[in-house]
Structure formats: C-alpha cells, structure tokens
Amino acid sequence: MQTHSALGAGKLRRMRRMFGEDGRAVFAAIDHAAYMGEGPPLGEPMARIAAGRPDAVLATWHLARAYADVFAGSGLVLRVDGGSSEIGDFAQSDVNEIMHLPEQALRIGADCLVVLAFPGAPDEDLSLKRLARLASECELLGLPVMGEMIPGGWGKAVPWTAQNVARAARIGAELGADIIKTVCPGPPAEFAEVVAACPVPVVALGGPKTDSEDDVVALAKGVVDAGGAGVAFGRNVWGSPEPDKLVARLREAVHGTGA
Numbered sequence: 041m042q043t044h045s046a047l048g049a050g051k052l053r054r055m056r057r058m059f060g061e062d063g064r065a066v067f068a069a070i071d072h073a074a075y076m077g078e079g080p081p082l083g084e085p086m087a088r089i090a091a092g093r094p095d096a097v098l099a100t101w102h103l104a105r106a107y108a109d110v111f112a113g114s115g116l117v118l119r120v121d122g123g124s125s126e127i128g129d130f131a132q133s134d135v136n137e138i139m140h141l142p143e144q145a146l147r148i149g150a151d152c153l154v155v156l157a158f159p160g161a162p163d164e165d166l167s168l169k170r171l172a173r174l175a176s177e178c179e180l181l182g183l184p185v186m187g188e189m190i191p192g193g194w195g196k197a198v199p200w201t202a203q204n205v206a207r208a209a210r211i212g213a214e215l216g217a218d219i220i221k222t223v224c225p226g227p228p229a230e231f232a233e234v235v236a237a238c239p240v241p242v243v244a245l246g247g248p249k250t251d252s253e254d255d256v257v258a259l260a261k262g263v264v265d266a267g268g269a270g271v272a273f274g275r276n277v278w279g280s281p282e283p284d285k286l287v288a289r290l291r292e293a294v295h296g297t298g299a
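Residues 41 to 299 (our numbering) make up the sequence shown, in order.
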C-alpha cells in the first residue's frame with residue numbers, strides 16, 4: 041500500500057536541490073570564516089564561485105543572507121554548529137554548540153543543515169548527541185541533515201584508516217544524517233569501502249589547499265569512480281585564482297561531460 045508524506049516530499053525536493061538526477065553533487069564549502077575569521081574572499085570572488093554552477097554551497101549564516109541572490113541557483117547547506125575559533129589556542133575538548141535552529145534555517149532558505157561529529161574522540165558523546173538531536177528535529181520539518189564525520193576529531197585520536205572512516209560514516213547515518221561528508225582515507229579507490237558501509241550518500245571533503253588543481257579534479261573523479269556521491273571542497277575552490285573554471289571542471293569530473 042502506497043502512502044504519502046508531506047515531510048517526506050519536502051525532504052525529497054530539498055535533496056534534489058543539491059543532487060543531480062545522477063545522484064551526485066559538487067558542494068562548494070565557503071563556511072570557513074565562522075571559525076577561522078578569514079578564508080573565502082568576499083565580493084566578486086563569490087560571484088566567480090557561483091558562475092561555476094556548484095550544485096550546492098556550504099555556507100555560514102552571513103553568507104547565506106548576504107549572497108542569497110548570487111547563490112540562488114545552488115542548494116544551500118547551512119552550517120549550524122560552532123562556538124569556537126582559531127584565533128587563540130585550540131580547545132582541548134568539544135566546546136561547540138548548535139548556533140542556529142532548524143526553524144531559523146528554513147526561514148533563510150536552507151535546503152540542508154551540516155554539523156560536525158567526532159566518533160572515536162574522547163568526548164565523542166557530545167557531538168554524536170548533537171547530530172542525533174538535530175536529525176530528530178529536522179525529520180519533523182522535512183529538512184535533510186549532513187553529518188560531517190571525522191573519526192577521532194581533527195586531532196586524530198584514531199587513525200583515518202578506511203575502516204575507521206567507514207565506521208564513522210555508518211554511525212552518522214544510523215544517528216539520522218541524510219548525507220555524510222567525510223575524509224578520503226587514502227587513495228580515492230579506498231573510498232569504496234566507506235561507500236559500501238554507508239546507507240546514505242557520501243561525499244568527500246577536500247582538506248588543505250593543494251598546489252595542483254589537476255590533483256583536485258583527479259581526487260573528485262576518483263571519489264566518484266569509487267562510488268562516492270560527490271565532493272565538498274572548500275579551500276581548493278575559494279583559494280583558486282579562477283574558482284569558476286575549477287568548479288566547472290569539478291562538475292565535469294563528478295557529473296560527466298556536458299554537466
């Protein structure tokens with residue numbers, strides 16, 4: 041017997057705002073300044089990123105509000121956790137909180153919310169509970185959640201092996217995340233183990249700025265060839281002298297010729 045759900049329909053539409061008919065996506069991550077205090081350049085460079093036609097952007101509250109017209113053609117993934125910065129010493133424990141509520145995110149036009157979680161970290165319970173609580177709240181609104189799963193945290197309390205990354209991705213999905221964003225544990229072919237372990241779409245983050253944009257594009261293609269649903273690249277996009285051209289190349293790598 042077929043049943044229909046308004047909330048399910050809302051989540052489906054929002055997922056399609058981010059992922060193409062092939063089930064893949066290029067996310068441009070421009071949310072770094074919320075903790076770095078610097079990063080994605082403002083003004084015309086934002087328009088250059090948008091000109092490359094990313095499927096979606098990961099953005100802060102300010103960028104979502106100030107550049108709504110610039111990125112109107114892309115899905116919006118709103119960063120809703122935070123509360124710490126890199127201006128002083130790194131916090132020795134998880135001090136983050138949920139900064140923006142799901143209802144507020146809907147008002148600004150978000151298609152998805154993103155939060156970090158650190159399975160394997162000494163205080164993993166804090167971030168895992170945040171993710172689960174947010175997923176429960178968003179389920180009642182038909183709003184997808186992206187879990188950015190970093191095994192052991194940025195301090196690598198556990199090594200970023202394919203097995204640990206795969207386990208972290210599975211944990212994120214089991215707690216309610218609709219999309220997983222995580223590290224590529226090694227050569228892109230190893231991402232296949234992560235994808236096989238996870239019942240929801242998995243995208244790879246880009247990490248530090250590289251010297252070669254060819255390597256960035258090759259990583260994106262390798263991730264997709266391994267079964268990944270795409271990439272969420274930040275520094276390598278907004279740090280490019282021609283971000284529009286790089287995003288276009290990433291679209292071709294992820295979606296194929298003519299994307």
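Hints in this document: simulated from the structure, not taken from any laboratory.
Careful: at least some of the hints might be erroneous.
[To be verified] Okay, derived cross-link-like pairs now, BS3-like style, lysine-lysine, Cα gap no bigger than 25 Å in a straight line: (1) Lys261 to Lys249; (2) Lys285 to Lys249; (3) Lys249 to Lys169; (4) Lys285 to Lys261; (5) Lys169 to Lys196.
Structure-based check of each hint:
The suggested pairing of Lys261 with Lys249 holds, with an alpha-carbon distance near 17 Å, which does not exceed 25 Å. Of the supplied pair hints, the one linking Lys285 and Lys249 holds, its CA atoms being roughly 16 Å apart against a limit of 25 Å. Pair hint Lys249 plus Lys169 does not hold up; C-alpha atoms about 31 Å apart against a cutoff of 25 Å. Distance restraint check for Lys285 and Lys261: the Cα-Cα separation of roughly 16 Å lies within the 25 Å cut-off, and the hinted pair is therefore satisfied.
Taken as a hint, the Lys169 and Lys196 pair is honoured in the structure, with Cα atoms around 20 Å apart against an allowance of 25 Å.
In terms of the numbered hints stated before, the structure departs from hint 3 and from no other.
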